[in-house]
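Sequence order for the protein chains is H and B. Residue numbers for the first sequence follow the numbering used here, so the first one is 12 and each next one is one higher. Residue numbers for the second sequence follow the numbering used here, so the first one is 29 and each next one is one higher.
Derived from the structure by calculation, the hints contain no laboratory data. Model, not experiment: these values are computed from the prediction. Even for Gly, the Cβ is constructed at its ideal location relative to N, Cα and C. Just to be clear, a hint being listed does not mean it is correct.
What the hints assert, rightly or not - Calculated cross-link-like contacts (lysine-lysine; reagent style PhoX-like; alpha-carbon spacing at most 20 Å):
| # | chain 1 | residue 1 | chain 2 | residue 2 |
| --- | --- | --- | --- | --- |
| 1 | B | K125 | H | K110 |
| 2 | B | K130 | H | K52 |
| 3 | B | K130 | B | K97 |
| 4 | H | K66 | H | K110 |
| 5 | B | K97 | B | K31 |
| 6 | H | K25 | H | K77 |
| 7 | B | K125 | H | K75 |
| 8 | H | K25 | H | K66 |
| 9 | H | K66 | H | K77 |
| 10 | B | K31 | B | K125 |
| 11 | H | K31 | H | K77 |
| 12 | H | K66 | B | K125 |
Said to hold, decoys possible - Facing chain H, from chain B, some residues (calculated, C-beta under 10 Å):
| # | residue |
| --- | --- |
| 13 | H62 |
| 14 | Y64 |
| 15 | S69 |
| 16 | E73 |
| 17 | H77 |
| 18 | I92 |
| 19 | R96 |
| 20 | F128 |
| 21 | G131 |
Claimed, not checked - Chain H is nowhere near these chain B residues, computed Cβ spacing over 12 Å in every case:
| # | residue |
| --- | --- |
| 22 | E39 |
| 23 | S56 |
| 24 | Q66 |
| 25 | Q70 |
| 26 | K97 |
| 27 | I136 |
Chain residues, written in single-letter form:
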Amino acid sequence: GAVVSQHPSWVICKSGTSVKIECRSLDFQATTMFWYRQFPKQSLMLMATSNEGSKATYEQGVEKDKFLINHASLTLSTLTVTSAHPEDSSFYICSARGKLGVNTEAFFGQGTRLTVV
Amino acid sequence: DAKTTQPNSMESNEEEPVHLPCNHSTISGTDYIHWYRQLPSQGPEYVIHGLTSNVNNRMASLAIAEDRKSSTLILHRATLRDAAVYYCILRDRRDDKIIFGKGTRLHILP
């Protein structure tokens, strides 16, 4: 299957700082990328959807000024957690898919574990 | 969002078949049935999907009820590496979102 790569795999940052997570589609053009957050023992929660060259669409309850998403190219999307706090500690996962067609599959990155201290 | 119902957890012995059920009584005619699984500390991976007919691939088989209100993911010979959370998800081909439910945590006993 297609490959989606996230970087870094894990990161520890101090409270109040910002952290950027990258999501790259390595062998296909990702028209749309999705960002999820997952707390321990819970399911994935969709945070936002981004289309290349457009502003991201955020799910209800997700602060767009805190979780900045950029999707500047067909192979790269970034999620920046601004002014991170301990409650932002979580497993962040991106997903990417190509041009929407009949049942176009989405592929997931390996996830980034963020710990805010 | 169309919803699915799965058991919270299941156990199976290694090298035996596993049948993971999913109920989706409110499925619409344009919904595809997708299965993903998430191994510990990893992102989800695609397993299989189908619309009406049963489907087979190298990972698993998908059996879809005739009325499409339920489906079963079949792992023919479970290994320890199949221990994961399995998610049954309905996706409308016109909608690009993948919304995850709670899934079924599959434990494989050696």
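Hints, verified against the model:
no.: 1; hint: B:K125 to H:K110; result: holds (13 Å)
no.: 2; hint: B:K130 to H:K52; result: holds (9 Å)
no.: 3; hint: B:K130 to B:K97; result: holds (18 Å)
no.: 4; hint: H:K66 to H:K110; result: holds (17 Å)
no.: 5; hint: B:K97 to B:K31; result: holds (11 Å)
no.: 6; hint: H:K25 to H:K77; result: holds (16 Å)
no.: 7; hint: B:K125 to H:K75; result: holds (18 Å)
no.: 8; hint: H:K25 to H:K66; result: violated (28 Å)
no.: 9; hint: H:K66 to H:K77; result: holds (15 Å)
no.: 10; hint: B:K31 to B:K125; result: holds (13 Å)
no.: 11; hint: H:K31 to H:K77; result: holds (12 Å)
no.: 12; hint: H:K66 to B:K125; result: holds (16 Å)
no.: 13; hint: H62; result: holds (8 Å)
no.: 14; hint: Y64; result: holds (8 Å)
no.: 15; hint: S69; result: holds (7 Å)
no.: 16; hint: E73; result: holds (7 Å)
no.: 17; hint: H77; result: holds (7 Å)
no.: 18; hint: I92; result: violated (14 Å)
no.: 19; hint: R96; result: violated (15 Å)
no.: 20; hint: F128; result: holds (4 Å)
no.: 21; hint: G131; result: holds (6 Å)
no.: 22; hint: E39; result: holds (18 Å)
no.: 23; hint: S56; result: holds (15 Å)
no.: 24; hint: Q66; result: violated (8 Å)
no.: 25; hint: Q70; result: violated (6 Å)
no.: 26; hint: K97; result: holds (20 Å)
no.: 27; hint: I136; result: holds (19 Å)
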